[in-house]
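A.B. asks: Residue-level listing of the chains:
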Amino acid sequence: MVRPQDRKFVTADPEKCIGCLVCEYACSMTNEKTFNPTKSRIRALRLGPLTNLSVTCRHCEDPACVAACPREALSQEENTGIIMVDEEACNGCAWCISACQFGAMMMHPEKKVVFTCNSCKDQPDGPQCVKWCPEEALTFVTAQQLAQKSRISAVKNLFQEAKEKKAAK
Amino acid sequence: MSGETKIFAYAGKILRVDLTTGKVSTEPLSEKMAKDYVGGIGLGIRLLMDNSKPGTDPFSPDNPLIFATGPLSGTMGPTAGNGYAVVSKSPATGGVGEAKAHGFFGPDLKRAGYDAVIITGKADKLSYLWIDDDKVELRTAEQLRGKSPYETDMAIREELGDYYIRVSAIGEAGEKLCRIACIINDEFRAIGRTGMGAVMGSKNLKAVAVRGTKDVNVANLDGFKEFVKMIHERMKGPATKKYKTLGTPENVLVLNSLSALATRNFTNAQFEGAEKVSGEYLNEHYVKKIVGCATCGMRCDHIAVVPEGPYQGSTSRLEFECLWSMGPLCGVDRLDAIIEAMRIVNEYGMDGISIGVIVAFAMDCYEHGVITKEQTDGIDLRFGNAEALIALIHKIGKRDGWLGNTLAEGVARAAEIIGGDAYKYACHIKGLELPGYDLRTLKTAALGFSVSFRGACHLRNGAYSPDVKGKVNRFKIEKGRGKMIADEGNVYNIIDSLIVCKFSRGTYYDGIKDLSNYYTLATGIPITPEELTKSGERIENLARLFNIREGKGTRKYDCLPYKIENCPVPDEGPAKGAVVNEEEFQIGLDDYYSVRGWNANGVPTVEKLNELGLGDLAYIVQAANQGGA
Ligand code: SF4
Ligand code: SF4
Ligand code: SF4
Chain E
1 MVRPQDRKFV
11 TADPEKCIGC
21 LVCEYACSMT
31 NEKTFNPTKS
41 RIRALRLGPL
51 TNLSVTCRHC
61 EDPACVAACP
71 REALSQEENT
81 GIIMVDEEAC
91 NGCAWCISAC
101 QFGAMMMHPE
111 KKVVFTCNSC
121 KDQPDGPQCV
131 KWCPEEALTF
141 VTAQQLAQKS
151 RISAVKNLFQ
161 EAKEKKAAK
Chain P
1001 MSGETKIFAY
1011 AGKILRVDLT
1021 TGKVSTEPLS
1031 EKMAKDYVGG
1041 IGLGIRLLMD
1051 NSKPGTDPFS
1061 PDNPLIFATG
1071 PLSGTMGPTA
1081 GNGYAVVSKS
1091 PATGGVGEAK
1101 AHGFFGPDLK
1111 RAGYDAVIIT
1121 GKADKLSYLW
1131 IDDDKVELRT
1141 AEQLRGKSPY
1151 ETDMAIREEL
1161 GDYYIRVSAI
1171 GEAGEKLCRI
1181 ACIINDEFRA
1191 IGRTGMGAVM
1201 GSKNLKAVAV
1211 RGTKDVNVAN
1221 LDGFKEFVKM
1231 IHERMKGPAT
1241 KKYKTLGTPE
1251 NVLVLNSLSA
1261 LATRNFTNAQ
1271 FEGAEKVSGE
1281 YLNEHYVKKI
1291 VGCATCGMRC
1301 DHIAVVPEGP
1311 YQGSTSRLEF
1321 ECLWSMGPLC
1331 GVDRLDAIIE
1341 AMRIVNEYGM
1351 DGISIGVIVA
1361 FAMDCYEHGV
1371 ITKEQTDGID
1381 LRFGNAEALI
1391 ALIHKIGKRD
1401 GWLGNTLAEG
1411 VARAAEIIGG
1421 DAYKYACHIK
1431 GLELPGYDLR
1441 TLKTAALGFS
1451 VSFRGACHLR
1461 NGAYSPDVKG
1471 KVNRFKIEKG
1481 RGKMIADEGN
1491 VYNIIDSLIV
1501 CKFSRGTYYD
1511 GIKDLSNYYT
1521 LATGIPITPE
1531 ELTKSGERIE
1541 NLARLFNIRE
1551 GKGTRKYDCL
1561 PYKIENCPVP
1571 DEGPAKGAVV
1581 NEEEFQIGLD
1591 DYYSVRGWNA
1601 NGVPTVEKLN
1611 ELGLGDLAYI
1621 VQAANQGGA
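Top line first, the protein sequences correspond to chains E and P. Counting in my numbering, the first sequence runs from 1 upward without gaps. Counting in my numbering, the second sequence runs from 1001 upward without gaps.
Some hints could be false.
To be verified - Part of the chain E face toward chain P, derived, beta carbon under 10 Å:
id, residue
1, 24
2, 25
3, 38
4, 47
5, 113
6, 140
7, 142
Rather than coming from a laboratory, the hints here were simulated on the basis of the structure. Don't be surprised by glycine CBs; every beta carbon is placed ideally from N, CA and C.
All chains, full assembly: derive it from the sequences and hints.
C.D. replies: Here it is as C-alpha cells:
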C-alpha cells in the first residue's frame, strides 16, 4: 500500500514564479530532445505581470483524467502516482483533458495522443523543470510536505504579526 | 518558390507578404546569408538594402518592414531565446531604422518557421497579419482601431481562441503615423526606437499575431545545454546584480553624482529632485514585483504600482531611460506621475525616450517664449509641471491640435515647423532624440552617439561606459576614443544580431569568444571569434552604406545637438563649464573614421568593402565620392 506521503509531484510557488518558461524549455529538451514549449509537460501562464504560475500534473489521489477515459488508455502508477498513457489505446478524444481541472493533461502536437508529466522518472537527478527553474519556484513534494510548508509559514506570519502589534503598542 | 535550408537553429526560411495584393511567398535563407549577417539586425539591414530602392519614402508602401529573429530565438538560450528585431527605413532619421524586443513574441515567430518576414505594400483597410505556422492570412483590424497594443493583443487572442498566441502591435500613435511610434509585444516590451510603429501604421498593419508549434533544434544539444547552464549560473552572480536589484534606475544617482544626469532639456547636468526619482526610492515605494521574459534566467522588469494619490493603481514597467526622459529631463520629480506617464506612453505605443525629450523640448521652447500659451491650448508647459507632461503626451499620442501634430513629428522636424530659435532646443542626432546621458560631461559618449547609424543611441556602441566607469578622462575627446567606439560597436552589432539582451552582456565573460562558441553550438556552423567580429564590422559598414545611399550617411550627419556644443554646464562642481567644442569633436571623428577604414568624409573605402565581402555595394561608395554627398 502506497501512502500519500510517498507520492511526489511538481508544484509552483505563485509568490516566486515569474512566468519565464525556462521550465517548459527544460521539459521539452529533456523529454523530447528539442526546444518546443508545445511539447512541454509543464506550462507557465502569465495573466498579467503580477500574475504568473506554472502548472503541471499533480498526480491526484483520485485522478479525474483516468476516470474520464472511455478507452482505459490511462492508468496511474501505484508507487509514483504518475499517469501512464497507453499510446495504442488513446485515440485523442480529449475527455481526460476536459476532466483535469489544471489543464495538466495535454494533446501531443505530433503524436495526437495525450501526454502529461512523468516526473522525469528516467532522469537520475529527478525532475528537470525543478532543477532548471531560475527562481526556485518549483518543488517536487508530497501533499504532506505542502501542508507542512503552508503551516510553517502561516504560524511564522501569525507570530510576526503578533510581534509587530506588540511593538506598535 | 519555396524551400528550406538545413542548418540548425535557423528556420532556414524567409516569408514575404505583400499587403497590397495579399500575395504570400517563402524563400530559403542561404547558409552564406546566415553566416555573414547572423540574424536580427544584421540580417534585417541586409534584407532592407536588397529589398528597397534608394530614396523610398519611409511611409511609402515600397518601404519594407522586416521582422527578423536571431539564430538563438526559440532555443532555451537565456535572453537570446526570446528576441526579435524590426528593421526598416526610419521615418525619424531617413536612414536605418532598427530596434529589438524581448518577451515572448520572437520565439513563436521562429517556431512558426521563419528567420525573417518581409512586409511590403499597404493593406486597403486596417488589418492584422495572422501567421499560424505555414498558414498566413490577413484579417481585418478595423474593430481594433485606437486600441492600445495590449488591448489589441488580448482582443486577437480572444478572437483566434488561443491564449498562447503572441502579438506584436501598434497603438493609436502608430495608426496616426507619429514618427516616434513603437511596436509593442507582451504588454510592455517595445520595438522602441526609430519609429518602426509609424512604418507599420503607414501600411495599415495593426498587428502581427503568431503561433509557432514547430521544433527548434540545435546542432549540439548536450554542449548547448552545458553552455546555457553556465550562463544561468553566471546570471546568479555579480554580472547581472544591478538588473535584478535596483534595476537600471540605479543610474539616476550614479549619473547625478557625475553631473551627467541631463536635466530640464540639457540645461543642467544635475537634478535637485534626483533622490525622489532614484532607483532606491522607486524600489522602496513603488516596485511590486520583478518579472522577466521567456527563457531568461535573470529578470529585470521592475513592475511599479502607484499606491495612492491621483494616479493610484497606475502600473507600468519602468527603466532608467524613460524615467529620466519624463522625469529629470522635464524637471519632474514625482514618480507617481512618471509611472502614469509611462503607462499612457505604452498605451499609445510611443518611444519612451523620444517622448520625454520632445516634451522637454516643448517646455524649453515655452519657457523661452518660442511657443506661446495659445499654441499649447492653455497648457502651462513649465519645466516640472507633471500635469502638463501628461496632458502633452495625450496630445502627441493623438496628434491632437497644432502642438500635438507638430510634436508628433519628433524634435528635429518640430523645430523646423516652429522655426525661430526652436532648433537650439531640439536635442537629437540624425533626427533621433537623445537618450539619458549628458554628452557635455561624457564626451566619449558624445562621439559614440554621433556616429551611431540609427541616430542618438547609447546602445549602438555603449560609448557612455568608459566615461561612467572612469576608464578615460570624460571631459575631453582625444585620439584613441575612435578605436574604443569601433570595437564595442562591432560587438554590439553581434549582440543585436544574435539578439542577446544587453542586460546579460556581462555574463559572456569571454566576450566574443563566448558568443562565437554559443553560435556554433546552436547552428553547427563553425565560426571563429575573429570571423564573428568581422561580421560585426560588416554589419556596421552595411548600415553606414545604407545611410549613405539614402543621402544621410556622410560626415556632416555625424553631428551634435546645439546645446551640447553651445551651452556649458552651469552647475557648480567639477563639471562646471563643460561643453563639447567643435575642434575636439572633429578630431574624434577623424580618429573614428581612420580606425574604421573610412575616408575623411566618413565613407567606407572600396578596399574596406572588399575585405568585408561587401564588394557588391561599392557602387554606393563610388556614387557618394563623385556626388560629393
Ligand atoms: S521556470 Fe520557474 S519561474 Fe520560470 S515559469 Fe517555470 S516555474 Fe515559473
Ligand atoms: S492530469 Fe490532471 S487529473 Fe490527471 S492526475 Fe494529473 S492533475 Fe490530476
Ligand atoms: S518533472 Fe519532468 S516531465 Fe514533469 S514537467 Fe517537470 S520536466 Fe516535465
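A.B. asks: The hint names residue 24(E) as touching chain P; please verify it with the least Cβ-Cβ distance against 10 Å.
C.D. replies: Result: holds, 9 Å to nearest chain P Cβ.
A.B. asks: Double-check residue 113(E) for me: the hint is only fine if its C-beta lies closer than 10 Å to a C-beta in chain P.
C.D. replies: violated (16 Å)
A.B. asks: Does the CB of residue 38(E) sit less than 10 Å away from some CB of chain P?
C.D. replies: holds (5 Å)
A.B. asks: Checking hints one by one. Is residue 47(E) an interface residue toward chain P, by the C-beta closer than 10 Å rule?
C.D. replies: holds (9 Å)
A.B. asks: Would you check whether residue 142(E) satisfies its interface hint, that is, whether its CB is within less than 10 Å of any CB in chain P?
C.D. replies: violated (27 Å)
A.B. asks: Given residue 140(E) was flagged as interface, is its beta-carbon under 10 Å from a beta-carbon of chain P?
C.D. replies: violated (19 Å)
A.B. asks: When the nearest CB of chain P is found for residue 25(E), is that gap smaller than 10 Å?
C.D. replies: Because about 4 Å separates residue 25(E) from the closest Cβ in chain P, which is inside the 10 Å limit, the hint holds.
Against the hints set out earlier in the document, violations occur for numbers 5, 6, 7.
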